[in-house]
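Q: Sequence:
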Amino acid sequence: MQRVDITNDLSFSRIIHGLWRLADWKQSSEETLSLIEHNLERGITTFDHADLYGSYECEELFGKALALKPSLRDEMEIVTKCGIVIESPNRPAHQSHHYNTSKEHIIASTEQSLKSLGIDHIDVLLIHRPDPFMDPEQVAEAFSSLKQEGKVRHFGVSNFKDHQFNMLQSYVDQPLVTNQIELSAYNLENFEDGTLNLCQEKRMKPMAWSPLAGGQVFTANDEKAVRLRQTVEKVASEIGAEGMDQVLYAWLLNHPANIMPIVGSGKPERIDSAIDALNYSLTRDQWFEILTSSMGYDIP
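Under the UniProt record's numbering, the residue at position 194 of the sequence shown is numbered 194, and the numbers go up by one with no gaps.
Hint data in this document are derived by calculation from the structure and do not stem from the laboratory.
Mixed in with the good hints, there may be bad ones.
Below are the DSSO-like pairs computed for lysine-lysine, each with C-alpha atoms no more than 27 Å apart in a straight line [claimed, not checked]:
(1) K26 <-> K267
(2) K151 <-> K69
(3) K64 <-> K115
(4) K267 <-> K64
(5) K103 <-> K115
(6) K103 <-> K161
(7) K147 <-> K202
(8) K26 <-> K69
(9) K26 <-> K115
Pairwise CB distance ranges (calculated) [said to hold, decoys possible]:
(10) D9 <-> A108: 25 to 33 Å
(11) T292 <-> E242: 20 to 28 Å
(12) I239 <-> E31: 32 to 40 Å
(13) G214 <-> H97: 19 to 27 Å
(14) A67 <-> S237: 39 to 47 Å
(15) S29 <-> D5: 26 to 34 Å
(16) D24 <-> K115: 18 to 26 Å
(17) S71 <-> P132: 39 to 47 Å
(18) L72 <-> D173: 30 to 38 Å
For glycine and all other residues, C-beta sits at the position ideal for the given N, C-alpha and C.
Please work from the sequences and hints to get the whole structure.
A: This is the structure we're talking about:
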């Protein structure tokens, strides 16, 4: 498995496993442990969480599985996110859906994540969404406190545009180490608006959520999906890929920004398919054919 240097003392596996649907998989702790071990055996060592996933249940489910074999913690990198508040029976104090990036909330959320996951530190903590009510000084104070206490090693953001990233970075006394953004051949917004360019400017490796666009390329009947599906099927045939998913992963993996796709499946065979995509190279012609197929028009 390829690895990506995030800092001088931290690297991620090139493919990341996302746990946002863990509660939907209805697995026993033993089954989740088996899935974790499968990932580690195949070289996926980086696991992506958020406090609110599964209505605030997924971190605890993962933690219960990890508790069956605590030694595995030393073989993995754990990422989690905070800042989105939703109403949930698991959080009765929450009265509405909003963002909260106050110092108190960031610290409380992190401490709850540590408890739920059953670990003593988080490798990377991300602010989940840009908060229009953000006080960046409070975010910086929260990060500094968590770092000093050894509860979080590094910090980053998710879904931040370039101006939002630069604003927060100007207050934080340590480098923000990643931006987790939506990237796929179907959804090109972050390719087009400079968000991915900023990652390259900062020499910062982006994590890509929804790399298969939620399955739209496979099932949707809109003109864009149909057009892109035909192109991806053609490229799959040309490179000998077993399925369209491998082409879509390879399209991201071949990009020079060292994009790290997040695979959000609980099925080992789907995870293995994503890993196998590392073996496929696209020509520049094929990469641009997929791009222009998604855009629906030729490049200038």
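Q: Hints first: check each against the structure and report whether it holds.
A: Against the structure, the hints come out as follows:
The suggested pairing of K26 with K267 holds, with an alpha-carbon distance near 12 Å, which does not exceed 27 Å. With a CA separation close to 21 Å, the supplied pair K151 and K69 stays within the 27 Å bound. A C-alpha spacing of about 11 Å is found between K64 and K115, which places the hinted pair at or below 27 Å, so the restraint holds. For the hint pairing K267 with K64, the CA-to-CA distance comes to about 19 Å; that is within 27 Å, so the pair holds.
Note on K103 and K115: the hinted pairing holds, with a Cα-Cα distance of about 18 Å set against a maximum of 27 Å. A distance of roughly 22 Å separates the Cα atoms of K103 and K161; the hinted pair therefore holds under the 27 Å criterion. Restraint check for K147 and K202: the C-alpha separation of about 21 Å stays at or below 27 Å, so the hint holds. The hinted pair formed by K26 and K69 meets the criterion: a straight-line CA distance of about 20 Å does not exceed 27 Å.
With a C-alpha separation of about 21 Å, the suggested pair K26 and K115 falls inside the 27 Å cut-off, and the hint holds. At about 27 Å, the beta-carbon gap between D9 and A108 stays in the expected band of 25 to 33 Å. The hint said 20 to 28 Å for the Cβ distance between T292 and E242, and at roughly 25 Å that hint holds. Judged by the Cβ atoms, the range 32 to 40 Å given for I239 and E31 holds: they are separated by roughly 34 Å.
The supplied range of 19 to 27 Å is met by G214 and H97, whose beta-carbon atoms lie about 21 Å from each other. Our hint of 39 to 47 Å for A67 and S237 holds, since their Cβ atoms are close to 46 Å apart. At roughly 33 Å, the beta carbons of S29 and D5 sit within the given window of 26 to 34 Å. Distance hint check for D24 and K115: the Cβ-Cβ separation is about 23 Å, which falls inside the suggested range of 18 to 26 Å.
The hinted range of 39 to 47 Å is satisfied by S71 and P132, whose Cβ atoms lie roughly 43 Å apart. Between L72 and D173 the Cβ separation comes to about 32 Å, which falls inside the hinted range of 30 to 38 Å.
In summary, the structure agrees with every hint in the numbered list given earlier.
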